[in-house]
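J.: Take a look at the letters that make up each chain.
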Amino acid sequence: MFDTLVAGLVHGNAYALIAVGITLIFGVSNVINFAHGAIFAFGSVLGWWLIAQHGLAWWAALVVVVAATALVGVAIDVLAVRPLRRAPAIAALLATVAVGLIIENVVALVFGPDTRTFPQVLPTNNIRVGGVRLGTSDVVMFVITLTVMAGLWAFLRYSRHGLAIRATAQDPDAAAQMGIGVGRVQSLAFAIASGLGGLAGIFVGLYNSNISPTSGGIVGMTGFVAATIGGLGSIPGAVIGGFVLGLVEAFGIYWLGDGYRDLLTFGLLVIFLVLRPGGLLARPPAIESEPMTGTFLGAGRELRVRWWHALIAFAVAGVAIPSIADDYGISVGTQILAYAIIAVSMTLVAGSAGQLAIGQAGPIAIGAYTSAVLTVSHGWAFLPAILAAGLVAAVVSSVLAAPLWRLGGHYVAIATLGIGIVTVAIIRNWQSVTRGSYGIFGIPAPSLFGHEFTTHTEIFRLELVVLGIVLAVIVGVQRSRLGTAIRAIGADEVAARSAGVPVRDYKALAFALAAFFSGIGGALLAHQYSYIDPTVFNLPMSLLVMTILVLGGTASPYGAVLGAAVLIGVPEVLRLAPSWRIVLYGLVLLLVVRFRPQGILVRRERVGTGKPITVDA
Amino acid sequence: MSRNWSRSRGLRVAVGVAVLALVGGLASACAGDSGSGSDTVYFGVSGPKTGGSAEYGRLWQQGFDLALDEINAAGGINGKKVALKWEDSQSDPKQTVPIATKFVGDQSIIAELGDFSSPASIAASPVYNRGKLVQYGFTNSSTDFTKGGDYSWSPSITLDVFQERNTEWVKSKAKKVSVVYLESDWGKQAFQYFQQFAKEKGIEIAYSSPILPDSQDFRPVLIKGRDANPDAFVHLGYGPDGALVAKQLRDVGFTGQFFGGQNTPQFIDLAGAAAEGDIVNGVFTPSDPSPKIQSFVTKFKAKFNTDPGDFNVYAYDALNTLVKAAKYGGATREGVLKGLREVKDFDGIGLGTFAFDQQTRRPSGVKPIELILQNGKFLPVGSAK
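Line order of the protein sequences matches chains A and B.
Going by our numbering, the first residue of the first sequence is number 9, and it counts up by one from there.
Going by our numbering, the first residue of the second sequence is number 665, and it counts up by one from there.
Just so you know, not all the hints are guaranteed correct.
As the list claims (entries may be wrong) - Cut-off 25 Å, straight-line C-alpha distance, at most; resulting in silico cross-link-like pairs (SDA-like, lysine to any residue):
id, chain 1, residue 1, chain 2, residue 2
1, B, K796, A, I448
2, B, K749, A, G120
3, B, K1002, B, D770
4, B, K965, A, L117
5, B, K796, A, A453
6, B, K967, A, V118
7, B, K796, A, F461
Rather than coming from a laboratory, the hints here were simulated on the basis of the structure.
Given only the sequences and the hints, what does the whole structure look like? Please build it.
T.: Laid out in structure tokens, this is it:
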């Protein structure tokens, strides 16, 4: 028991270091920095390179790594985040996703993708406490954490730059009016946070003994959970959150086994968001300060797509594409269509209601598994199975998401992310029905009225029809009174509520509709792949859906189709440059977000500057 | 004004990118058919070059490169040069399907090698079988893989055989064990067979837990496994996670016998002293004194300056096997299939001389060897000290 406690504390310490960086950037820039994990991994690999390859003393390496990661942090701010200050907050989030991809893959290309041993510069198991062995390195890391936290606290409390950071965090506009260089302050925050990430890279590398360029993903997510538990924006909160998460994981895994780790980590996140959305130390977010609403809709106007435009496009796609493209091209086309179906349905939630869901892999997985289990294990036909897939996805997702609609702003996005991961973790552990990690093989090809859709061209046309139906429904809803009500919530929730619109119910309805079609999209993917397992429905899938949506314009269903074509088409085209493929993809993503933060099919309003008009109270 | 102008330029850039993506996609899709009449024969490789399994792709590449040098120096296949077309799948079932479609449509490819994990390969099997292109999943030890159809072949020893041997070796050292296994299709199947054979041989499993592939800290699980007081700890997984388990086991104070990890230089390197005395299944060891293997090791070291491991050997053998099949049956898709069916004396570094069982499409009668880690080298048990 005692040794589990020690293990939890040591790991919690590492989470705390990561979480502090994430929370600092969030506090100052209102951006969830998804590149933080990649910086951590870069720090650990750079540390390895300096110490093991070049024989640098460990403390010198520490200095170099902190400096290098701090510089990378500033670069992220200047190149990716700052140009998007006036764009919807989600655009900056996606930019950090793109930067994370670029950093992770460049590091892998430059230093090699291998897992390697971190040099033992400090003893890691020379002290015996109970049954476990601790090392000087753990003690040093703990002391460094405490020192850094105390130093950071004093810096923020007493120094001029610290005051500027806090002022900017509280109200960037007011800070700017007081003559604070908000941009420089933001860069400073990125530098400090990223330097801490690099520091954590070295110590976690030392503690785990093995490091790899790809280790950042999971570490970044866990640090992010720790920051949220502690209260986003609160530095002491991040430290406490780190230790709480470390201990819960250690005891939970001791008790249940490592297979439940995702469920524990993200379950804890969801529980916190439901019971205490502000985290341990921060106040729950007030609805007035929602960063998302308004900004989404205010700045852009959708390009008008008339029904006959769509009809022509569909006719061309259905007839022309199968006749020019070969099987490979068509199979890419079927993927594009399945994702388009999912993304189109999400425009109601994201664009109209102004709510972000970055855990859409959850409903997609529920749909895919429902249809797969029904057809493979229970002999259902394709059509009823796929309809059931939509229904189950809608019902289950709505029940799971019910507590979300009290939350506002970023917290909805974070909660959906958690729920998405928890959903897939449940699917993995519910082996008697879902076959867990074994996956489900031999999912039959789609068939309707005795006709089997076996070739890619047939599946392509089938999915084109489904997409047509989804588009008709979603555009219909958007133009109906229901759509107006949902849009009112997205434009101004307080005004909508004052006007008597039942805000929560409509948000939930929009989400249920999106989950229904996402479930159908997931089922189509399952029947098209013929094989699914829980690893298919991962975080990158959720982010892909989100990216498609933002790229197309969050409120634009036709834009979502175009977004799917670009984001699934580009990586396939980039197969021409295999090793740089993901890096190039990240660059394309970054450029598109940079230049079209409102989406491809959305044009800036001609009237006004596009900057939301704010009146100080 | 200037603001509007830059906005519309942004639009043009974005639309330009979109159009390029679509046109490029169609163009590259159409470009696949060329080259069938040339004097080069291609094998398609579907495997990880990026992502979590990228290092296996790198190990494959070394094995392939050495094999290609030798094959082409010896005149290729009946005078035709041999080359690879490699597509990065990240060993992801979502990506192997379009890759399979691309390979099937590319007439210059006469057989496919890969993918790394069994789920990634099995997802693509229907495409290869419908397209009548041999899918040679040379690392796919899942018993289900070759059930995909007449075109799905694998030289990999299956998990049931591996675990039957594994329990045999565990039995000689321990009566009671704690087990951790990878939470994946492969790891769970391995554990299922381990349980079955452990029961048959009378080994008690005192504690078991899956471990997630992306976990870094296994201490909570290992502490509980240690508290169950086992004679030995068994790990069923890959090299990197095996090294972590071995090291962290020593950190939580377990000093008994360890079974697990993988026969790769990387595992030996990562685990260091913590894995001394570790026993694994292997197909190959660089310290095997036979002249055939020593000549391979020498060539490999000369080219890459490191000892070869199992995954280098798998790739090297796989390409040589397919080339031999093509030499026998002809450098065509049907030729490769005919060769796999009729050649009786395939010759590998890992498996020795073998022929395929036509029912299971796997080598008949091959068995792994028992290797023990001593002073940083895997040696056949009983050969040293």
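J.: For each hint, tell me whether it holds in the structure or not.
T.: Structure-based check of all given hints:
1. K796/B with I448/A: holds (24 Å)
2. K749/B with G120/A: holds (22 Å)
3. K1002/B with D770/B: holds (20 Å)
4. K965/B with L117/A: holds (23 Å)
5. K796/B with A453/A: holds (18 Å)
6. K967/B with V118/A: With Cα atoms ~21 Å apart, K967/B and V118/A stay inside 25 Å; holds.
7. K796/B with F461/A: Judged against 25 Å, a Cα distance of about 19 Å means the pair holds.
In terms of the numbered hints stated before, the structure departs from none.
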